[in-house]
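*Asks:* Produce the entire structure from the sequences given, and follow the hints as far as they go.
With my numbering applied, the sequence shown corresponds to residues 1 to 455, in that order.
The set of hints was computed from the structure by calculation and includes no laboratory data. Each hint should be verified, as a subset may be incorrect.
[To be verified] For each label pair, taking beta carbons as the anchor points, the in silico distance ranges come out as:
1. Asn447 <-> Gly191: 19 to 25 Å
2. Asp302 <-> Thr407: 20 to 26 Å
3. Ala198 <-> Thr34: 50 to 56 Å
[To be verified] The calculated SDA-like cross-link candidates involving lysine to any residue, where the alpha carbons are at most 25 Å apart (straight line), are:
4. Lys378 <-> Trp448
5. Lys76 <-> Arg97
6. Lys66 <-> Asp154
7. Lys76 <-> Gly171
8. Lys66 <-> Gln32
9. Lys76 <-> Asp31
10. Lys76 <-> Thr38
11. Lys66 <-> Gly152
12. Lys378 <-> Pro358
13. Lys378 <-> Ile454
14. Lys66 <-> Asp31
15. Lys182 <-> Ala54
16. Lys182 <-> Ser40
17. Lys76 <-> Val120
18. Lys182 <-> Val52
19. Lys378 <-> Glu421
20. Lys378 <-> Arg298
21. Lys76 <-> Phe56
22. Lys378 <-> Asp392
23. Lys76 <-> Arg144
We put the beta carbon where it would ideally sit given N, CA and C, even for glycine.
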Amino acid sequence: MMRKLRAALVGGSAALLVGLAVMPAAATVIDQGTYSGTDSFVYNDCGYPVGVQAEFSGSYRVRAGKNADESAFFLKDTSTYREIHTNLETGEWFVVRGRSVTNEIGATRVEGSVFEFVTVLAGQPFVVEDSSGNVVLRDRGAVRYRTLFDTGGDDQPGGTFLEFLGAEIRGPHPSFFVDFCKVAGDLIGTGSSQRLTARPAGTTDAPSGYYEYLPPDYDEAGRSPLLVFLHGFGENGDGSPAELGNLLATGIPQLIRNSGWPSERPFVVLAPQHANPTDDAPYAACENAVHPGSCVMRIQHDLGHPENGSPCTTPAEVREFLAYAIANYDVDPQRIYLTGLSCGAFGAWEYVAEQAGPQVAAMVPIAGDARPAWDAAKCGLGEVAIWAFHGDADDVVAPAGSIEPMTDLMACPAPPRRDAELTVYPGVDHDSWTRTYNLSAGHDIYNWLLGFTIP
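*Replies:* Right, dumping it as structure tokens:
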């Protein structure tokens with residue numbers, strides 16, 4: 001719960017708090033007590049299995065509002081916890097601990113039974129120590145945050161959380177602004193970040209700047225399989241040292257940067273950067289579209305992927321970068337794979353649709369719109385093995401952008417069609433890639449890719 005709150009606060013840390021209705025000092029205490037316990041669980045969000053052993057204790061007090069606020073209830077909770085996070089594959093571990101007071105100090109009725117609550121979190125709610133007891137990261141001070149909550153209008157505590165409204169952070173809270181998996185990876189990860197190299201534009205003969213990952217046995221294992229990752233719109237940049245780092249914000253580059261990429265995974269991974277368009281006027285109509293990403297992708301396709309007017313990766317970029325990669329790396333030309341998210345997935349679809357024959361063995365497009373590619377190539381897309389992913393609550397790129405073309409593709413004769421798979425995550429929004437790339441959803445896309453070669 002604390003981690004979810006911490007993540008939410010990052011986006012609203014500059015918000016101002018106004019209009020507080022402070023709880024009356026004489027409000028009635030309706031419940032109070034102490035608690036303690038232990039817990040254990042496993043998470044895979046960082047690319048490797050981590051087991052957690054936790055212990056916690058604390059005390060709480062619940063007070064009822066008065067008069068107009070009688071359906072609002074206010075919690076004060078003083079808690080202490082300690083968690084040991086262990087990499088289940090290596091036995092390496094670190095500690096997360098905290099001691100804090102959470103105090104709901106006021107509520108303002110918005111309408112009906114909906115209130116804006118103000119809560120203060122004070123103390124040291126999040127401290128990370130390495131296995132030697134050295135403090136790696138420590139939050140301390142106070143956070144005052146606002147939420148909308150529907151109390152239900154009755155005389156019982158509880159209700160429905162509606163919206164996070166913002167926060168004011170006082171004192172150092174570094175965990176709000178760092179990737180937890182980066183912290184964990186530095187302590188118990190695979191070490192893959194040490195084999196990640198930036199190749200800015202102009203420092204190689206590549207058509208763009210890119211990131212390079214080479215597996216530990218690259219020089220001894222013979223020709224390696226090549227996996228090219230195509231990023232989303234938010235990671236666009238000019239390939240310079242200053243902007244190339246945008247690629248590390250998500251997807252496979254983030255996983256490698258966070259030391260979550262297993263050393264035994266054999267791919268050479270290359271992630272080229274697409275530049276922002278210099279002319280985005282044709283896409284203005286997409287701002288109010290139901291699925292703006294799908295709108296952009298359709299227009300880019302219909303315009304023929306203009307060189308300086310494409311928000312997403314173009315087929316020409318993919319073709320040129322693959323030619324560079326095959327010529328400059330010791331990779332197996334029969335084991336070339338593509339994957340991409342959002343705009344990058346769209347670029348992968350468009351590339352495959354334009355090829356006269358299979359130039360890649362398999363691809364994993366995630367949250368991209370393939371309907372333009374299907375319109376252009378139909379069953380010809382099946383020359384490449386494809387496993388597509390999408391969240392059915394995606395409000396950026398329409399889920400139909402994967403569902404409709406993949407359903408049509410799976411109806412094509414096989415052979416010549418190769419493997420065609422579709423995974424739709426219920427209730428998942430545009431980010432259907434994180435759980436796919438870190439394998440926390442249970443779909444081993446990497447071994448699946450390795451099962452195919454170019455005929």
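*Asks:* Decide, hint by hint, whether the structure agrees.
*Replies:* Now the hints, each set against the structure:
1. Asn447 <-> Gly191: 19 to 25 Å: holds, 21 Å
2. Asp302 <-> Thr407: 20 to 26 Å: holds, 23 Å
3. Ala198 <-> Thr34: 50 to 56 Å: holds, 52 Å
4. Lys378 <-> Trp448: Satisfied, since the Cα-Cα distance of roughly 23 Å is no more than 25 Å.
5. Lys76 <-> Arg97: holds, 20 Å
6. Lys66 <-> Asp154: holds, 13 Å
7. Lys76 <-> Gly171: Roughly 21 Å separates the two Cα atoms, so the pair holds.
8. Lys66 <-> Gln32: At roughly 18 Å apart (the allowed maximum being 25 Å), Gln32 and Lys66 satisfy the hint.
9. Lys76 <-> Asp31: The hint holds at about 11 Å.
10. Lys76 <-> Thr38: holds, 21 Å
11. Lys66 <-> Gly152: Cα-Cα ~16 Å, so holds.
12. Lys378 <-> Pro358: holds, 14 Å
13. Lys378 <-> Ile454: holds, 20 Å
14. Lys66 <-> Asp31: holds, 16 Å
15. Lys182 <-> Ala54: At roughly 21 Å apart (the allowed maximum being 25 Å), Ala54 and Lys182 satisfy the hint.
16. Lys182 <-> Ser40: holds, 22 Å
17. Lys76 <-> Val120: Cα-Cα ~9 Å, so holds.
18. Lys182 <-> Val52: Given that 25 Å is the threshold and the Cα spacing comes to 17 Å, the pair holds.
19. Lys378 <-> Glu421: Status holds; Cα separation ~16 Å.
20. Lys378 <-> Arg298: holds, 16 Å
21. Lys76 <-> Phe56: holds, 16 Å
22. Lys378 <-> Asp392: With a Cα-Cα distance of about 23 Å, the restraint between Lys378 and Asp392 holds, given a limit of 25 Å.
23. Lys76 <-> Arg144: holds, 14 Å
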